[in-house]
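Participant: The listed protein sequences derive, respectively, from chains P and Y. Residue numbers for the first sequence follow the UniProt record's numbering, beginning at 1 and rising by one. Residue numbers for the second sequence follow the UniProt record's numbering, beginning at 1 and rising by one.
Where hints are given, some of them may not hold.
Identical copies carry no separate label here, and so any pair may be met within one copy or between two of them.
[What the hints assert, rightly or not] Computed list of lysine to any residue pairs in SDA-like fashion (alpha-carbon distance at most 25 Å, straight line): (1) Lys-79 / Gln-21; (2) Lys-157 / Asn-209; (3) Lys-174 / Asp-57; (4) Lys-14 / Tyr-276; (5) Lys-174 / Gly-327; (6) Lys-332 / Glu-311; (7) Lys-332 / Thr-352; (8) Lys-212 / Gln-354; (9) Lys-16 / Val-150; (10) Lys-206 / Gly-253.
In case anyone wonders, no lab produced these hints; they're calculated from the structure.
Protein chains: 2
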Amino acid sequence: MALQLDVVLTKEKKEKPDFTQLGFGQHFTDHMFIMDYSAEKGWYDPRIVPYAPVTLDPAAMVFHYGQAVFEGLKAYRTKDNRILLFRPEKNMQRLNTSNERISIPPVDEAFLLDALQKLIEVDQEWVPSAPGTSLYIRPFVFSTEPYLGVRASHSYKLLIILSPVGAYYGDGMKPVKIHVENKYVRAVRGGTGNAKTAGNYAASLKAQNEAKDLGYEQVLWLDGVEGKYIEEVGAMNVFFKVNGEIWTPALNGSILDGVTRNSVLQLLRHWGLPVYEKRISMEELYEAYTRGELEEVFGTGTAAVISPVGELSWNGNQLRIHEQQVGELTMKLYETLTGIQYGEVEDPFGWTVQVN
Amino acid sequence: MALQLDVVLTKEKKEKPDFTQLGFGQHFTDHMFIMDYSAEKGWYDPRIVPYAPVTLDPAAMVFHYGQAVFEGLKAYRTKDNRILLFRPEKNMQRLNTSNERISIPPVDEAFLLDALQKLIEVDQEWVPSAPGTSLYIRPFVFSTEPYLGVRASHSYKLLIILSPVGAYYGDGMKPVKIHVENKYVRAVRGGTGNAKTAGNYAASLKAQNEAKDLGYEQVLWLDGVEGKYIEEVGAMNVFFKVNGEIWTPALNGSILDGVTRNSVLQLLRHWGLPVYEKRISMEELYEAYTRGELEEVFGTGTAAVISPVGELSWNGNQLRIHEQQVGELTMKLYETLTGIQYGEVEDPFGWTVQVN
């Protein structure tokens with residue numbers, strides 16, 4: 001039976017926040033999408049309703065066994081007042097990849113994308129227009145059954161909430177300092193690293209805090225087996241420009257298959273640059289650095305799009321990248337991607353989807 | 001400032017379930033303990049209140065970044081109608097170990113244990129009396145701040161809920177069949193394996209489901225680095241009796257420090273048996289098996305106390321243990337531990353704590 005989307009509009013719109021002081025993930029729009037799952041009915045009762053709290057039994061399994069996954073994407077307002085999504089179908093696909101890994105039943109990706117578009121339409125006045133601002137979109141699923149046995153839940157909720165967010169680089173793009181993590185591990189082969197599960201993020205907080213205490217903005221994660229090979233930076237994928245080549249860690253099951261990562265790879269190949277997805281050891285990178293061949297380093301992710309790295313700290317060695325300035329390729333990728341996202345640069349790949 | 005426990009009793013007691021058909025973790029008592037945390041106030045407003053749903057903003061961080069930990073212990077009714085807890089201070093300690101690993105602020109262990117005792121007193125008629133039944137106790141903590149940035153939450157809730165549970169071995173103790181997992185990994189050095197975090201359990205579900213589909217009741221987890229060394233069985237610690245010696249995997253950071261595991265070790269040493277906490281490879285165990293020296297295998301955990309293992313399936317080899325019957329040591333440990341828990345066997349270690 002096809003799902004029928006129900007829409008209940010709010011009777012009282014919220015006061016809008018100051019759109020010049022949005023920050024990230026603090027303000028939420030007037031409405032949200034919500035849908036339920038039960039073992040008997042499957043996913044049912046999809047609806048757009050006023051943004052409201054969720055009420056759960058204290059025994060709801062999400063609090064105990066952490067079956068929870070999420071996605072993150074953005075809607076962008078163009079200068080001619082259209083609203084664009086960037087490759088949203090990739091996020092819907094990955095939501096199901098994450099669901100599968102922790103035994104949450106799959107969702108209908110096309111239906112969910114339609115519902116998302118409708119939700120944005122309903123809350124379109126929340127899509128900010130100042131340069132660099134956007135509407136952050138957070139779909140997420142969690143288990144709700146009140147039961148303390150360890151098994152997959154028989155009931156779930158899926159929500160989409162929307163948050164207008166400020167420009168990531170409000171003060172201009174500034175390279176970050178990264179601590180190469182050699183104590184904590186984010187993910188391992190056979191684990192959940194390639195899924196966007198809540199538990200992966202909880203597990204990462206302590207390392208992030210310790211890196212911050214040492215004066216670094218993020219950690220660079222190494223593989224869980226040998227502690228040698230580069231995986232991700234913070235909650236981003238990572239790229240290296242080495243002697244004219246561009247390297248990024250190959251997807252190996254413990255690295256997230258980032259939408260921005262995938263887009264950067266396509267752009268670089270489109271530009272005819274030599275790109276390698278491969279296993280990269282920190283040692284190999286350090287050797288390239290000592291030869292003066294480590295030209296640029298940047299992270300990729302939905303929030304920042306492209307995040308230049310100015311310094312890597314590894315086992316007492318400080319690798320200063322590109323004189324701690326933003327590299328040319330880094331900047332070109334940032335401008336091209338954000339240009340496509342905001343409808344200002346030609347989109348040769350058909351990546352953007354216009355909200356009606 | 002010392003925390004002051006507030007008690008609000010329910011006006012309408014629930015109808016009790018059939019205490020001969022309790023199952024596990026499905027029924028909850030009339031009251032619960034709850035306490036809040038904010039960055040400004042620390043832990044505040046501890047209270048015993050009627051069991052009731054929890055209301056959260058959809059952006060509450062627990063749904064997204066999974067900062068959630070829990071504990072599990074039991075209260076036992078003795079034949080002379082006292083109520084005993086088993087080493088509850090160990091669970092409070094471990095709660096803080098888990099908190100620390102995923103950046104949740106610590107709780108006052110002594111205060112929480114007092115509050116737990118008061119809660120059980122309030123709901124004492126829910127402690128069942130039939131043989132093997134008990135009151136399962138679930139303390140848990142989760143993040144509540146409505147914010148989508150990836151960092152530790154600034155607010156939390158800690159709850160304790162109580163659930164009367166049936167006898168684990170209602171139909172008698174029966175050895176289980178275990179699948180040695182060689183595809184999925186539960187935890188790795190540098191990860192969260194020794195913490196009781198929600199995400200660890202979410203990550204384990206898929207392997208459990210696949211093992212069930214193959215006809216096994218549980219998985220035996222191997223280490224995440226080499227995939228060779230034994231870690232845990234399902235959500236239990238594991239012991240092997242090999243040629244008169246008793247072996248269990250040494251705590252290595254990725255194995256949970258089980259209260260039952262610790263108690264079994266103390267009992268075995270008290271009995272003068274040769275006990276080794278060490279790294280144990282599946283290969284070494286298989287060799288012992290082929291020499292006819294693998295005499296008994298059992299899991300240890302709060303729910304089952306002792307769970308005999310009758311078969312291990314490893315890379316196509318079926319290891320049948322003790323003719324798939326419960327071993328003598330396995331049974332002696334079960335009877336001694338449950339005897340102490342129910343106040344029927346002398347408690348030389350001072351493990352039990354009486355609820356007033």
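Participant: Does each hint fit the structure? Answer for all of them.
Facilitator: Going down the list of hints, with the structure as the test:
Proximity of Lys-79 and Gln-21 under a CA criterion of 25 Å is satisfied intra-copy only: 20 Å inside one chain copy versus 65 Å between copies. Proximity of Lys-157 and Asn-209 under a CA criterion of 25 Å is satisfied inter-copy only: 21 Å between copies versus 31 Å inside one chain copy. Proximity of Lys-174 to Asp-57 under the C-alpha cut-off of 25 Å is found in neither arrangement, the shortest distances being 45 Å within a copy and 33 Å between copies. With identical chains, the CA atoms of Lys-14 and Tyr-276 are never at most 25 Å apart, being 48 Å at best within one copy and 63 Å at best between copies.
For the identical chains of this complex, Lys-174 and Gly-327 are intra-copy neighbours only, at 11 Å inside a copy versus 65 Å across copies, given an alpha-carbon limit of 25 Å. In the homo-oligomer, the alpha carbons of Lys-332 and Glu-311 lie at most 25 Å apart inside one protomer (20 Å), although the nearest pairing across protomers, at 60 Å, exceeds that limit. Within a single copy, Lys-332 and Thr-352 get their C-alpha atoms as close as 19 Å, which meets the 25 Å cut-off; across copies the closest is 67 Å, which misses it. Proximity of Lys-212 and Gln-354 under a CA criterion of 25 Å is satisfied in neither setting, with 39 Å inside one chain copy and 45 Å between copies.
For the homomeric pair Lys-16 and Val-150, the shortest alpha-carbon distance between copies (24 Å) is at most 25 Å, but the shortest distance inside one copy (43 Å) is not. For the homomeric pair Lys-206 and Gly-253, the shortest alpha-carbon distances inside one copy (23 Å) and between copies (15 Å) are both at most 25 Å.
The structure does not agree with the numbered hints 3, 4, 8 stated previously, though it agrees with the rest.
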